Amino acid sequence: MPVPHEITSAFSDAQLPLCRALAEMLDEHFVHRTERRGCGYTQATRFLSDFVNRPRDPVDTHDLRMFADWPMAATEALGQHLVDEQVALGWRALLALPTVEVEPTGDDEGRHYLLRLRDALQHFHASLALEESHLFLALLSDVLTGCGQDGADLPGMIDKPKIGSCSQAEEYFLEIAHGRVRRGGSVNTIVGPAGQPILLEKVGLGEAHSAIVIAPVRIFGVTVPPGSLCALRYNDTVEPGQRARHGWIFPAATLHSVRFLRLTTLVVSPAARRRAFSQQMELQARSNMFSPMTTTIEHLVQFARGELSAVSA
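With positions in the sequence shown counted from 1, the corresponding number in this note's numbering is that position plus 1374.
Hints were generated in silico from the structure; no laboratory data involved. Among these hints, one or two may not hold up.
Straight-line distance between alpha carbons at most 20 Å, and here's what the computed EDC-like set of lysine to aspartate or glutamate pairs gives [to be verified]:
no., residue 1, residue 2
1, 1536, 1613
2, 1536, 1610
3, 1534, 1437
4, 1536, 1483
5, 1534, 1424
6, 1534, 1431
7, 1534, 1581
8, 1534, 1610
For clarity, every value in this text was computed on a predicted model and none was experimentally measured.
Assemble the whole structure, with the sequences as input and the hints as a guide.
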C-alpha cells in the first residue's frame, strides 16, 4: 500500500475525505504512474483543471464533488438563500475570509460542513510541510472561494480544446529555458497590462498553442502559479505582434480564452521535484531531457526578457 499523501491524510483527519479518484492520484496509485500520465501528483492537477476552468457559481455545488461525502442539496439550498439575501458569493461566502454571518435556515447541514472546511483550510495553510502540498492547496482553495488574489486576469476557456496535456511538454520548455528552440519551431511571449511577460507559448514544438505560465495569472478567480501548463485561444482578429528573436510578442488582450491544463514539474523548486513528481522525474532523466533537475522558472523569465529586449533594441 502506498503511503498517503499529506494532503489526503489532512482532509481525512478533518473528516472531509477527498473523493476516491483524487485521493488515489495524490497517493500515487500505480495506474497513474505511466509514461503518458507522468505521476499521481500530475494527474491530480489535471483532475483539478475540470474545476478551475468553470465560472465560480454561487449556488451550484460542482466544485464540491472533489470531496467523497458532501451534503450537496443542503449546500445548494443555502447558496440560493444567500443569493436571495444579496450575498453575491452564495455558499462560497462561508469559506472566504472574513466570512459572512449566516442565520440558521432550517437545514443547517450545508453550513456546518462549510464552516468545518473553512477551519480546516486555515489550519492546512499553516500545518502542511511540503512545497507541492501548498501549491495544490492554494489551487483547491481558490476553486472553492473564487478569491485568488494574485495575477493578471485572463478570460477562461470552458470547453476542452484539442490540445492535450501529456507529460512531454516539459521537454520543449526545458530547452527553451536555455535558449534552445528547435528548427521549425518558435516561441511567442504574452505580456500583461504593464508589459510584463506572463506566458511563453511554443509553436511548432509538439502541440501548438500550449503555453507555460511564468508569472501568476487568474482564471475564473483562481490564481494559476508560474510553472502551470495552459492552452491558449486567440481572438479571431489579432493585431500583428512585435517580432522578437524567436517568435512574436503579443499583449494578453489578444487572447480569446485560456485554459489551465496541469502543473508542470517546473512549478516546484529543484530540491522538491523528485519527491513531488517521483515517476515523472525518473522518466525525464531516462529521456535525457535538458537539465530537468536544475532548470527553474527564472530561466524562462530571463528568456522572455531577452525576447522583449530584442524588440526594443
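Status of the hints after comparison with the structure:
1. Of the pairs offered as hints, the one joining residue 1536 and residue 1613 is violated, with about 24 Å between alpha carbons and a cut-off of 20 Å exceeded.
2. Among the hinted pairs, residue 1536 with residue 1610 is consistent with the structure: their alpha-carbon atoms are about 17 Å apart, no more than 20 Å.
3. Distance check on the hinted pair: residue 1534 and residue 1437 sit about 17 Å apart at the alpha-carbon level, within 20 Å; holds.
4. At most 20 Å may separate the alpha-carbon atoms for a hinted pair to count; residue 1536 and residue 1483 exceed this at roughly 40 Å.
5. Taken as a hint, the residue 1534 and residue 1424 pair is honoured in the structure, with Cα atoms around 9 Å apart against an allowance of 20 Å.
6. Using a Cα cut-off of 20 Å, the hinted pair residue 1534 and residue 1431 holds, with the two alpha carbons roughly 19 Å apart.
7. Annotation: proposed proximity of residue 1534 to residue 1581 holds, straight-line Cα distance about 14 Å (limit 20 Å).
8. Annotation: proposed proximity of residue 1534 to residue 1610 holds, straight-line Cα distance about 18 Å (limit 20 Å).
In this structure, the earlier hints numbered 1, 4 are contradicted, and the remaining ones agree with it.
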